[in-house]
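Here the structure of chain A is known, so what remains is to put chain B in place on it, guided by the hints.
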Amino acid sequence: MNRILIVEDEKHLAEGLRFNLEAEDYQVQVVETGEAALELLLTETPAFDVVILDVMLPGKNGFTVMSEMRQAGQFIPTLMLTARGHPDDVLNGFAAGADDYLTKPFELAILIARIRGLLRRNQWLRAAANNTAANHTAARSEPNDTFTFGDKSVHFDLLELWVRDKRFPLTLMEANLLRYLIQHEGRTVSRKTMLEEVWGLHEDTDTRAIDNFIVRLRRYIEDEPTRPRHLLTVRGVGYRFVASPVAPG
Amino acid sequence: MVVAGRRRSIAFFIALGAGLISVILLLYVGWVVLNWRSGILLFLGVLLLSTLISGVALNTTFLVREIRRNEQQDAFINAVTHELKTPVASIRLYLETLQARTVDEVKRQEFYHIMLLESDRLLATIEQILRTGRIGAASHKLNLGSIELGGMVEECLLRARTLYHMPAESLAYHPGPPVTILGDPDEVRAALSNLIDNAVKYSGNDVRVTVETAKVDGKYVTVRVRDQGLGIPKTELKQIFKRFYRVPGAPATRVKGIGLGLYIVRSVAKRHGGRAWAESEGPGRGSTFVLQLPIAK
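Order-wise, the sequence lines are chains A and B.
Using the numbering used here, the first residue of the first sequence is number 378, and each one after it goes up by one.
Using the numbering used here, the first residue of the second sequence is number 3, and each one after it goes up by one.
In isolation and in its complexed conformation, chain B is listed as follows:
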């Protein structure tokens, strides 16, 4: 309901901006017709007009951008509330159950396992939020070291296979030539893990994810994480790297998240002098995420 209200207000402000610009243009044309002989006045008029038009256009643009940002922040707060409170609610429910009821040994072990999974989920959300804070802070410096990229990719894949109980065929690695990069191991590991986690999360039940590393021009190395999952509409390919942004609509919103994972990936790439982007043939046709980092000299 709130979002629909905001959409209406955006439409109103855009219409207002466009309306004002047309009024100004109309007045101006009238003015030129009446005063076409006075050269200096005409010049000053053009100057005044362009200032007015750019003022109105800028104002409208910033207003709309601000409204969108607020909207995303609201969605982010809702998602974070959900992602922080739900695991706590689960853990609490199982603890209360164990405390209050007679539970047989098999169920007891199952409950312990669920509580551990939920605490991991909680920790992962907290880490994403803290990492976003660190990346955003100007004072936070990179803790640089040599990283053998293939080794790190394998380490991240191993973690994901254990976490999601997947065989090596579902999360496969096609290594390129060995490459060493200069980077902050903690950040690069987080970026790689985010890409692999996303590939699994957005694959649905049929997880076929491949990770490839390859050299580009001898200067850069790319890590391509490819899945056969939901895919991404062309219009969303850039948007998804924005902070708090989540693809709207049914299939994507079924996947839980807080809209920080890809923002972290892009920030880590930038901080290391590289870049990150997404490729997809469209919805239902899988996606490929590419992280490009400079090779150590």
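The shape of chain A in the complex, shown without the other chains:
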């Protein structure tokens, strides 16, 4: 039975969610604060398959909880569920490490479908990880959905990035953004296009929230993140991915 942790301080909403998810045969636990959630999630063997995380929590807010989870290496699929639906909020949620984002009020059927989606992806990932568990070299030689540049390789199916012998787990959105940039290798892509194509967000005003993602990706793939060679800034427009940069000098 899949286990779901609901982090929500609105008692009525949390109980309504619990009733419905239990009716769908999930095992549900509710906590009211981010601190309580982190305590449960940052143990060695957390007992959950999906986390539903509210943003406006008393004490630590959902964005902080999300980034602390990911920084501590906790990659349980997480759906942020919040009243804040401004594109900047959505992007901040994804930048903090969320796998999915849904705004209140929501349709029950959509919420359940999204939870199933996260669980399904998790199962695929586990299956893929088991198949290639012997050593990561085997995984690297797999042609399936992998992109290699220099001494780095991105395994999109496993949501991970290997730099030499170092493994960086990616969130779904980080992987999607990287895939998009790689697909448009050598071409400049604007922030607006990335927002529309990767996140499906249509925003008239220019938003800089996407830059947080780039900063994180640079930390993984660049030897010197402040002097990027793969993920270049094109001033006033957006970014360009270069797989094999020409050696300086």
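Heads up, some of the hints might be wrong.
To be verified - Cβ-Cβ distance ranges computed for the label pairs, FRET-style: (1) A/K388 x B/D188: 28 to 36 Å; (2) B/L144 x A/R380: 57 to 65 Å; (3) B/E68 x A/R380: 45 to 53 Å.
Since the hints were derived computationally from the structure, they do not count as laboratory data.
Keep in mind it's a predicted model, so treat the numbers as computed, not measured.
C-beta atoms are modelled at their ideal positions from N, C-alpha and C, and glycine is treated no differently.
Using the frame of chain A, we list chain B on its own:
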């Protein structure tokens, strides 16, 4: 993240203002040393200098105030978004549940009850926002009438006891001599209810609220709403009556709100020729809110 950015920008502008003033002072002292003999020039210089300094100081003050106001408005919009959307999300979730699933009779009644509570909460938020709009509009006149204050306090307490399921001991009334005031019943009732609601909300689990009425100098009557709850830091006692303002930090932000309740209380007091203030010995030591209104002649 955004707030931290703004704090940095405030610090930058204050530093810039202070820096400019020091540069001006330095230049001026130099200038005086060089030109101390010419009297008229010295006088004009002093005039110019004070104009410059006050200009820079005023500019910095307004800039900082504007940044703070923007910050509060952002927080207000977030709080309103939350307070409007959350009850709708709850009601919608329960309606969808009732529509899509088989629910036994006991649960069904529980869901109806929750939906009613959430719609009351939604209505209360909408009323606070509309009332703030009305109070702010210059054209909105008071609908004056005689109010027997004790009766109105009891009516508000009764409403709160029913709403929060509290016994009379938790929300007690110590009446003073009977007093009649001239006021807008709707507004005075809203102000009293806001004070009582706050006292309950900020009391945590141990609700011991008392309401007292007393005459002051034969001209005014005070309504004191006292709780044994979270208390208020001394520096926040005036701030909390500002529009959109909410006390920062952990214990207070655990209580949901949109930062309009006390603004309404103070506005109603002012519109009736009275005033409102808060007293507290500090965090953890409870608070007393006082609404003072003139007695009808």
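Outcome of the hint check:
| no. | hint | result |
| --- | --- | --- |
| 1 | A/K388 x B/D188: 28 to 36 Å | 31 Å, holds |
| 2 | B/L144 x A/R380: 57 to 65 Å | 58 Å, holds |
| 3 | B/E68 x A/R380: 45 to 53 Å | 49 Å, holds |
Checked against the numbered hints listed earlier, the structure breaks none of them; every hint is satisfied.
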